[in-house]
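Here is how the chains run, residue by residue.
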Amino acid sequence: MGKPTDLVQGTLDLLILRTIALEPMHGWGIAQRIQFVSKNALQVRQGALYPALHRLEQQGWIRAEWGDSDNHRRAKFYSLTRAGRKYLEKEQANWERLSSAIGLVLDAAQS
Amino acid sequence: MRWFDKLSFWLRSLFHRRSADAELDSELDFHLQREIAAKVSAGMPPAEARQSTMREFGGVEELKEECRDTRRTNYIHDFGQDVRYALRVLRKSPAFSAIIILTLALGIGANTAIFSLVDSLLLRPLPAKDPSQLTVLAFRQGHGPLLTQFSAADLRDIRSQASGAFSDMLGHMLAFDGISLNGKADRAFSEYVTGNFFTLLGMKPYAGRFFLPSEGQASGADPITVLSYGYWKSRFAGDPNIIGQRILVNAHPCTVVGIAPPEFHGLYPAPASQLYFPFGMLGTFEAGWPKDLMSNRILQNLYVLGRLRPGVGLTAAQAALNIVAQRLSEQYPETNKGMTLSVYAERFARPDPSTSSTLIKAAALFLALVGLVLLLACANIANLLLVRSTGRAREMAVRAALGAARNRLVRQLLTESILLALFGGAAGLFLGMLASRGIGSIDLHTPVPISLVYGFDWRIFVYTFAAALLTGVFVGLIPALRASRTSISVTLHESGRAIAGGKNRVRTGLVILQVAGSLMLLVIAGLFTRSLGAVQHTNLGFDPHNVVDLATDPSEIGYGETQGLAFYESLLDRVRALPGVQSASVTSSVPMSNYGNNDYLKISDYQNPPGQGLPLVDYGVVSPQYFNTMRIPILRGRSFTEADQKGAPYVAVVSQAFAGRYWPNQDPIGKRFAKVSGVTNPVYEVVGVAKDCHFTFVTGPIEPYFYLPLGQDYALSSLQILQIRSTAPPDIVIRETQDVVRSLAPDLPLFDIHTMTESLDTLQGFLLFRLAAGLAAALGLLGLILAIVGVYGVISYSVSQRTHEIGIRMALGAQRAEVLKMIFGQGFVIVAAGLVLGCLSAFAAARLISNMLVGVSAADPATYSAVTLILALVALLACYIPARRAMKVDPMVALRYE
Chain A
1 MGKPTDLVQG TLDLLILRTI ALEPMHGWGI AQRIQFVSKN ALQVRQGALY PALHRLEQQG
61 WIRAEWGDSD NHRRAKFYSL TRAGRKYLEK EQANWERLSS AIGLVLDAAQ S
Chain B
112 MRWFDKLSFW LRSLFHRRSA DAELDSELDF HLQREIAAKV SAGMPPAEAR QSTMREFGGV
172 EELKEECRDT RRTNYIHDFG QDVRYALRVL RKSPAFSAII ILTLALGIGA NTAIFSLVDS
232 LLLRPLPAKD PSQLTVLAFR QGHGPLLTQF SAADLRDIRS QASGAFSDML GHMLAFDGIS
292 LNGKADRAFS EYVTGNFFTL LGMKPYAGRF FLPSEGQASG ADPITVLSYG YWKSRFAGDP
352 NIIGQRILVN AHPCTVVGIA PPEFHGLYPA PASQLYFPFG MLGTFEAGWP KDLMSNRILQ
412 NLYVLGRLRP GVGLTAAQAA LNIVAQRLSE QYPETNKGMT LSVYAERFAR PDPSTSSTLI
472 KAAALFLALV GLVLLLACAN IANLLLVRST GRAREMAVRA ALGAARNRLV RQLLTESILL
532 ALFGGAAGLF LGMLASRGIG SIDLHTPVPI SLVYGFDWRI FVYTFAAALL TGVFVGLIPA
592 LRASRTSISV TLHESGRAIA GGKNRVRTGL VILQVAGSLM LLVIAGLFTR SLGAVQHTNL
652 GFDPHNVVDL ATDPSEIGYG ETQGLAFYES LLDRVRALPG VQSASVTSSV PMSNYGNNDY
712 LKISDYQNPP GQGLPLVDYG VVSPQYFNTM RIPILRGRSF TEADQKGAPY VAVVSQAFAG
772 RYWPNQDPIG KRFAKVSGVT NPVYEVVGVA KDCHFTFVTG PIEPYFYLPL GQDYALSSLQ
832 ILQIRSTAPP DIVIRETQDV VRSLAPDLPL FDIHTMTESL DTLQGFLLFR LAAGLAAALG
892 LLGLILAIVG VYGVISYSVS QRTHEIGIRM ALGAQRAEVL KMIFGQGFVI VAAGLVLGCL
952 SAFAAARLIS NMLVGVSAAD PATYSAVTLI LALVALLACY IPARRAMKVD PMVALRYE
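Residue numbers (the numbering used here), protein chains in the order written: chain A, 1 to 111; chain B, 112 to 1009.
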């Protein structure tokens, strides 16, 4: 396993949306989850996370609420809005189409 | 709901910026603490955990700014910051700010004043429903002039036959009647209107009711009136019980049925109608109208306003009218032969279709002139701001060095100049209101006071605001761009002594343009003033000096013809006996006034050109001695005598132009003609020819005119103006005459009391020329002041910048005279360049207005040289003051400076 891959601009949004689709999460949790699920292949640069979250909130895809975290500190939890959920479905479909297309090209080149 | 989420997010970050910032802080803090805690629990020592976390996280402040930017509210916060900062800067240099605001106030105030005049004359729509559907109708008879007054019968036919294009059509005519209530009589502008007048306009009465479309059709059937709101307030003290009361109109009873809404001043741009009567009452209230008023196609009194059907354009309406005109001229060849109709949008037909283009041109001219004044003011302010931006170069450089983006600096400076401009605009609005009230209170010498300006409306505010905003951007942009372009390191390393060079080029250019612009304004003012002088020295054909005019109308107190004639006879006898009186007479018409009679004539030995209607000629009904009082020479035949009474043969005196046009190269004495629209239309025999006079306009060609003796034609005009030529002072003559009238007929009101020279100062007389000359002169003066300030400013700034240099020169032995010459020379070049440019542009501009000038050419050398000389002298004087200061520079002080 080499270096953790840098996230392409735009894919971070998709990852965030996918991650909080299951349950509301705070920023640190989102970063941890992405890292964990991707088996450390994807490492979110901590700083880059917050402008992305604020941008998504500004666009109305996600909303933020203050709540108690597991260590009893107040934290800001992000969850998907209905529009955000639709947007995620669309983007995910796009991504799958794109990656399978790239996969096809790469396979064809090998054989 | 996405937009709602977005909006609430935006609003929260806008209005709860502090708490949003605090939230961001604690959100990031939470993250850091969690990360540190995670690292510690993984076995890292706390201090190291903290350090590595901070390292991984990156710049916290930078991140926060990035998050704030995503909220997109920064612009607004920055703007608020800019405004606060700008206010602080303006407060810090109050004198500087005050000068700019004052200059702008003058420029914008002048614009507001002129615009308010244009607005109320041309732009403001009538306070009617859907004013864009309103049109004005006019017609021509053959190749005759464009006429705007229709006969009641023609209006009726056109209305019913063109109903495909017009949903309705109304007629109205302005008159002037004696109104009395409880024995107190006065004169009022009244409007005789068709019954559908108010219905077509779509107005609601303020109180009572309006006329019904059925009213006003039959002669004498509806003795009712609607009062204007203003007249109700002033004449009847706003008495709410006036509805249903009876007033006397020229001694005929009439019932008040309603009051018009306050915003309605009638259909004329300037005179405000005070009462409305059904048109059918005209023959009842006023003497001298024939019985067939409603059916006679020769009697053309009604201005016609049509309302287009929705979706019908002017072209379609014109097409419909063409068919109607064709039909009418075939149906009534006697009166309507060769008739053509035309239709105009109401807004572009003020005051009437034949003269509206002149009004629009004059309005455009004055808006352009006053715009030029604002430009001159802008140049001054741009200059001042440029000076200051040089002074603030360090401040800008420091801010740029601290990381302010260039567009941020430009925005800051623009905010300052726009703020200044808005303050100037507010002050200008105030000045403009004062000036426009001044214009509004100009005495137009109409029988009742009328005003050119009816208060302010939103258009004026929008105009002023837009002017101020544009000015702010305009004056701020160059200095702002220039200031923001300064190189940081050069400015910060500079000692603070400015190197003037390049910056002065823009400023010098601006001043040259100012001198040129002000010369242009002054030339136009000069041309209008010369024009006024030429008009005032026109030989009018009569002698207006030492004559007083007093108008009266005995029918107002119920006098019939016999009583009226007897009254005038004893009045004239008594007045002639007053000390100093040389002669006294009465006439139905004073030159350049609103009174006057005209009629179509059938003239013997004169063949009407084919395709043209009968000639329409103005006339006056006068007493014997009239020609003596006016000093109008009788060239042939005789004047009127006491013998020209009822029963004697009908006689007339015609003007030279009358005789020349209808009986060229023939002896006019003994020729005959008849009017066509009187109650009786006797044949008049010409007994004399009078010298031509300017009766209707002070300029232009003299039209035919004729005179009838009062003894025979009292019925044509019981309203008479008493004219007294006396060596006594006018106020004494007036007082004594009033005493005479009071002793003869105590209740009879006298009105329109003026010296004759005053009474020539009407819209038809000198007033327009005086207004044009006065306005142009005021603008010219304003331009002159601004240009002088500009010249003075640029020279004295350059002296202050060059103090050091002058000090060195003098220390090296330069003489004071040489220093003076150097500074003066700089000013001379600027002024000379401005004057040359100004003369060229003034010449171009003057050619555009040449048809508004009378008796003076657009290239009048006297005007150009006088104005150039004055401007040159004053401008050089403005250079002299700073030049003298330069001369007095003490080399020691100058070199030690800094």
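Derived from the structure by calculation, the hints contain no laboratory data.
Fair warning: there could be bad hints in the mix.
Pairwise CB distance ranges (calculated) [stated by the list, open to error]:
id, chain 1, residue 1, chain 2, residue 2, range
1, A, Ile-102, B, Glu-176, 52 to 62 Å
2, A, Ser-69, B, Phe-115, 55 to 65 Å
3, A, Ser-69, B, Met-155, 13 to 23 Å
In silico EDC-like pairs for lysine to aspartate or glutamate, Cα to Cα no more than 20 Å straight-line [what the hints assert, rightly or not]:
id, chain 1, residue 1, chain 2, residue 2
4, B, Lys-175, A, Asp-13
5, B, Lys-448, B, Asp-710
6, B, Lys-713, B, Asp-654
7, B, Lys-150, A, Asp-13
8, B, Lys-240, B, Asp-279
9, B, Lys-757, B, Asp-778
10, B, Lys-175, A, Glu-65
11, A, Lys-86, A, Glu-23
12, B, Lys-240, B, Glu-441
Which residues of chain B face chain A? A few of them, derived with a C-beta cut under 8 Å, are [claimed, not checked]:
id, residue
13, Asp-136
14, Glu-146
15, Glu-159
16, Ser-163
17, Met-165
18, Phe-168
19, Glu-172
20, Leu-174
21, Pro-373
22, Phe-375
23, Ser-468
24, Lys-472
25, Phe-585
We treat Cβ as the ideally placed atom computed from N, Cα and C, and that holds for glycine.
Verification of the hints:
| no. | hint | in the structure |
| --- | --- | --- |
| 1 | Ile-102(A) x Glu-176(B): 52 to 62 Å | 36 Å, violated |
| 2 | Ser-69(A) x Phe-115(B): 55 to 65 Å | 28 Å, violated |
| 3 | Ser-69(A) x Met-155(B): 13 to 23 Å | 21 Å, holds |
| 4 | Lys-175(B) x Asp-13(A) | 19 Å, holds |
| 5 | Lys-448(B) x Asp-710(B) | 18 Å, holds |
| 6 | Lys-713(B) x Asp-654(B) | 31 Å, violated |
| 7 | Lys-150(B) x Asp-13(A) | 26 Å, violated |
| 8 | Lys-240(B) x Asp-279(B) | 13 Å, holds |
| 9 | Lys-757(B) x Asp-778(B) | 26 Å, violated |
| 10 | Lys-175(B) x Glu-65(A) | 19 Å, holds |
| 11 | Lys-86(A) x Glu-23(A) | 16 Å, holds |
| 12 | Lys-240(B) x Glu-441(B) | 36 Å, violated |
| 13 | Asp-136 | 11 Å, violated |
| 14 | Glu-146 | 6 Å, holds |
| 15 | Glu-159 | 17 Å, violated |
| 16 | Ser-163 | 11 Å, violated |
| 17 | Met-165 | 10 Å, violated |
| 18 | Phe-168 | 5 Å, holds |
| 19 | Glu-172 | 11 Å, violated |
| 20 | Leu-174 | 5 Å, holds |
| 21 | Pro-373 | 51 Å, violated |
| 22 | Phe-375 | 52 Å, violated |
| 23 | Ser-468 | 57 Å, violated |
| 24 | Lys-472 | 55 Å, violated |
| 25 | Phe-585 | 36 Å, violated |
Comparing the model with each numbered hint stated earlier shows that hints 1, 2, 6, 7, 9, 12, 13, 15, 16, 17, 19, 21, 22, 23, 24 and 25 do not hold.
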